[in-house]
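Colleague: Protein chains in written order, with this note's numbering: chain L, 6 to 209; chain R, 6 to 209.
Everything labelled a hint here was simulated from the structure, so no lab data went into it.
Treat the hints with caution; some may be incorrect.
Unchecked claim - Short derived list, chain R residues pointing at chain L, Cβ under 7 angstroms:
id	residue
1	His59
2	Lys104
3	Tyr105
4	Lys139
5	Tyr167
6	Lys170
7	Ala173
8	Pro176
What the hints assert, rightly or not - Dumping the calculated DSS-like pairs for lysine-lysine here, alpha-carbon to alpha-carbon at most 25 angstroms:
id	chain 1	residue 1	chain 2	residue 2
9	R	Lys178	L	Lys75
10	L	Lys102	R	Lys133
11	R	Lys75	L	Lys139
12	R	Lys133	L	Lys75
Yeah, the Cβ is synthetic: ideal placement off N, Cα and C, and Gly gets one too.
One-letter residues, chain by chain:
2 protein chains.
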Amino acid sequence: MIKYPNGKVVKEKSPVSETSSKKKVSAKLHLSAMNRGMDLEEDINLSNEYYKEHDLCLITKRPTPINVVKVDYSKGAIITNAYFEKQSTTDYNGVYKGKYIDFEAKSTQIKTSFPLANITPHQIAHLKGVLRHKGIAFFIIEFVKNNEETYLLDASYIIEFYEKKERASIPYKDIVKYGHKIKRGYAPRLDYLKVIDEVYFNEK
Amino acid sequence: MIKYPNGKVVKEKSPVSETSSKKKVSAKLHLSAMNRGMDLEEDINLSNEYYKEHDLCLITKRPTPINVVKVDYSKGAIITNAYFEKQSTTDYNGVYKGKYIDFEAKSTQIKTSFPLANITPHQIAHLKGVLRHKGIAFFIIEFVKNNEETYLLDASYIIEFYEKKERASIPYKDIVKYGHKIKRGYAPRLDYLKVIDEVYFNEK
Numbered sequence: 006m007i008k009y010p011n012g013k014v015v016k017e018k019s020p021v022s023e024t025s026s027k028k029k030v031s032a033k034l035h036l037s038a039m040n041r042g043m044d045l046e047e048d049i050n051l052s053n054e055y056y057k058e059h060d061l062c063l064i065t066k067r068p069t070p071i072n073v074v075k076v077d078y079s080k081g082a083i084i085t086n087a088y089f090e091k092q093s094t095t096d097y098n099g100v101y102k103g104k105y106i107d108f109e110a111k112s113t114q115i116k117t118s119f120p121l122a123n124i125t126p127h128q129i130a131h132l133k134g135v136l137r138h139k140g141i142a143f144f145i146i147e148f149v150k151n152n153e154e155t156y157l158l159d160a161s162y163i164i165e166f167y168e169k170k171e172r173a174s175i176p177y178k179d180i181v182k183y184g185h186k187i188k189r190g191y192a193p194r195l196d197y198l199k200v201i202d203e204v205y206f207n208e209k
Numbered sequence: 006m007i008k009y010p011n012g013k014v015v016k017e018k019s020p021v022s023e024t025s026s027k028k029k030v031s032a033k034l035h036l037s038a039m040n041r042g043m044d045l046e047e048d049i050n051l052s053n054e055y056y057k058e059h060d061l062c063l064i065t066k067r068p069t070p071i072n073v074v075k076v077d078y079s080k081g082a083i084i085t086n087a088y089f090e091k092q093s094t095t096d097y098n099g100v101y102k103g104k105y106i107d108f109e110a111k112s113t114q115i116k117t118s119f120p121l122a123n124i125t126p127h128q129i130a131h132l133k134g135v136l137r138h139k140g141i142a143f144f145i146i147e148f149v150k151n152n153e154e155t156y157l158l159d160a161s162y163i164i165e166f167y168e169k170k171e172r173a174s175i176p177y178k179d180i181v182k183y184g185h186k187i188k189r190g191y192a193p194r195l196d197y198l199k200v201i202d203e204v205y206f207n208e209k
């Protein structure tokens, strides 16, 4: 979900420092625009905020790594030269029922498949590590043009697909089959925790 | 461990992208300088690198959050105006034996106590959340001038002390009593995983 290569500035927000009133306004604005191609990252951030406020789990977005080259201290630590670094891990991690949760969120405009091109080898290595250490690892994949259908897909499935190198993308129909559809709503926007419960904790 | 207020630039490094040869050279240089007041953050980062290479756990440093104001795309996405934000969570998190691990590392030059001043209310709230969700949460505290003695102290102890507001610092002798000393060595530099095993998993 890092957007820097395409010219959009990512304003890094610390999940706690923002006031929840701001978030609520944002949620209202968002509702009116629902189903018109929203931002997956924002959906997840707002869902995490909801989960945190309701004390259901604690999952946060990792800040985008930035390499700071130059800081101007004459004006109180203004960064005047820096560049974005690639996230070598995933975008989100946190804790639920004592377990470690780790995932990457990706959105695609393609209707028939999810391209693997924007998953890095580092991310695959990281997710393999999470699985070896018995953490819960998955992807959240949104098909924007299929009515914003969004699926949770266990990392093991993607890792296998990625390492086989037989195809450059995972067919949409396979994600529907092997993934778990995440319900969209008002709050939480994207209730992926319910899916985690069903898939990893055998609860309804 | 964020150093920006005192004029030092924090060069954010992604833990995976650095070559291990660089790390090894750095470890050698470090050894010769041992016990002369080293950098706790580097010690932990190198220990995490060691743990990762030996596949013992997967714990990473969260990047310092930076608020990007302006990016110059004429030279390939150079950030020309940005500022540091306060970390609203902690510096480190990850997975060990399926469990969520979360901690903050602090170093003090004071010999007789650890001042609570540089722990933020946000960090306390975050650590309380981690504990409620059954994660493992603690502080790593280094007493630079006490021969770099370094202790793991469960977050619950610090939270209680912090919220009592009776004292502005935790006495060194209490940290020795209620904390767990972390052994320093060559590799891993600071074997806090061994202490996690003993304290949270009842293993030797």
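Colleague: All the hints need checking, so say for each whether the structure fits it.
Modeller: Comparing the hints with the structure gives:
no.: 1; hint: His59; in the structure: violated, 12 angstroms
no.: 2; hint: Lys104; in the structure: holds, 6 angstroms
no.: 3; hint: Tyr105; in the structure: holds, 4 angstroms
no.: 4; hint: Lys139; in the structure: holds, 3 angstroms
no.: 5; hint: Tyr167; in the structure: violated, 16 angstroms
no.: 6; hint: Lys170; in the structure: violated, 21 angstroms
no.: 7; hint: Ala173; in the structure: violated, 23 angstroms
no.: 8; hint: Pro176; in the structure: violated, 30 angstroms
no.: 9; hint: R:Lys178 - L:Lys75; in the structure: violated, 41 angstroms
no.: 10; hint: L:Lys102 - R:Lys133; in the structure: holds, 14 angstroms
no.: 11; hint: R:Lys75 - L:Lys139; in the structure: violated, 40 angstroms
no.: 12; hint: R:Lys133 - L:Lys75; in the structure: violated, 36 angstroms
Comparing the model with each earlier hint shows violations of hints 1, 5, 6, 7, 8, 9, 11, 12; every other hint is respected.
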